[in-house]
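Engineer: Using the sequences provided together with the hints, build the complete structure.
Take the sequence shown: its position 128, counted from the start at 1, is 128 in my numbering, and no numbers get skipped.
Among the hints, erroneous ones may be present.
To be verified - Only pairs whose alpha carbons sit at most 30 Å apart, straight line, appear in this in silico DSS-like list of lysine-lysine:
id : residue 1 : residue 2
1  : Lys66     : Lys126
2  : Lys55     : Lys170
3  : Lys66     : Lys170
4  : Lys35     : Lys130
5  : Lys158    : Lys90
6  : Lys95     : Lys55
7  : Lys126    : Lys54
8  : Lys132    : Lys90
9  : Lys90     : Lys126
10 : Lys54     : Lys158
11 : Lys66     : Lys95
12 : Lys52     : Lys120
13 : Lys170    : Lys95
14 : Lys90     : Lys120
15 : Lys35     : Lys170
16 : Lys170    : Lys54
17 : Lys52     : Lys35
18 : Lys55     : Lys132
19 : Lys132    : Lys54
In case anyone wonders, no lab produced these hints; they're calculated from the structure.
Given the structure is predicted, the values throughout are model-derived calculations rather than measurements.
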Amino acid sequence: MKHVKFSRWLVAGVSAASLVAAVSAFAQAQVDTAKSTVTATSRQMNVPVDGKFKKFTATLDFDPAKPAAGNASINIDTASYDLGDDSYNKQAQDKDWFDVAHFPNATFASTSIAPAGGNKFNVAGKLTIKGKSQNVTVPVTVTQQGATQTFDGALPIKRTQFDVGSGEWKDTSVVADEVVIKFHLVAVKK
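Structural biologist: If you want it as C-alpha cells, here you go:
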C-alpha cells in the first residue's frame, strides 16, 4: 500500500480541513506549507471576511487502487487563525468564538474515502470544533504535475452547530451562519 504522510496542515477546519483526500501515485509526500493555504470565509453584514489558519498538522494514508482503505486526520491550531488584524485575531480566540483556552484544536478524522469520478474523491469524517462534532463530507480534487500533487476542496459548515460565534454573536443577521472552509494543499514527493 502506498502511504502519504502530511505534516503541518491547517484547518480545517475551522477546519478543514479538514479535509484532505486522495493521493495519486506517490509513496511518500510532504505538504509544502509555504505553497499551501487553508482559509475560512464568513460574511459579516453580508461582507465577506477571510481568515487563514497558519498552524496545522495532518496525516493521510491512501492507496489510489483502494480508496476505501485510506484515511485522513487533521489537527488545526485554532489560535493560529489570522484575520489580518491583531485585535480581530484576539477576539477570534475568546470564548464566544474559538475559545482557544479550552479548545486549542479543531480536528477532522476521516471515516471513508470514495471515488467521485476522475481525480475527484469524497472524504467523509467527523469534524470537531470547540468540542462539538458533526459528520461531514468534503469533495476533494487531486491534480498531479511531476513530483507535485495538489489537493483542493471547499466545505460549507454552519458555525452555530459548533458554537462558534456565541453570546451576542449568535445572531446570524450580523455574522452569517454559513462559513466556507477552503484548502489548497501542495504536496511534494520526498
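Engineer: If any of the earlier hints don't hold here, list their numbers in rising order.
Structural biologist: Per hint list: 3, 11, 14, 15 violated.
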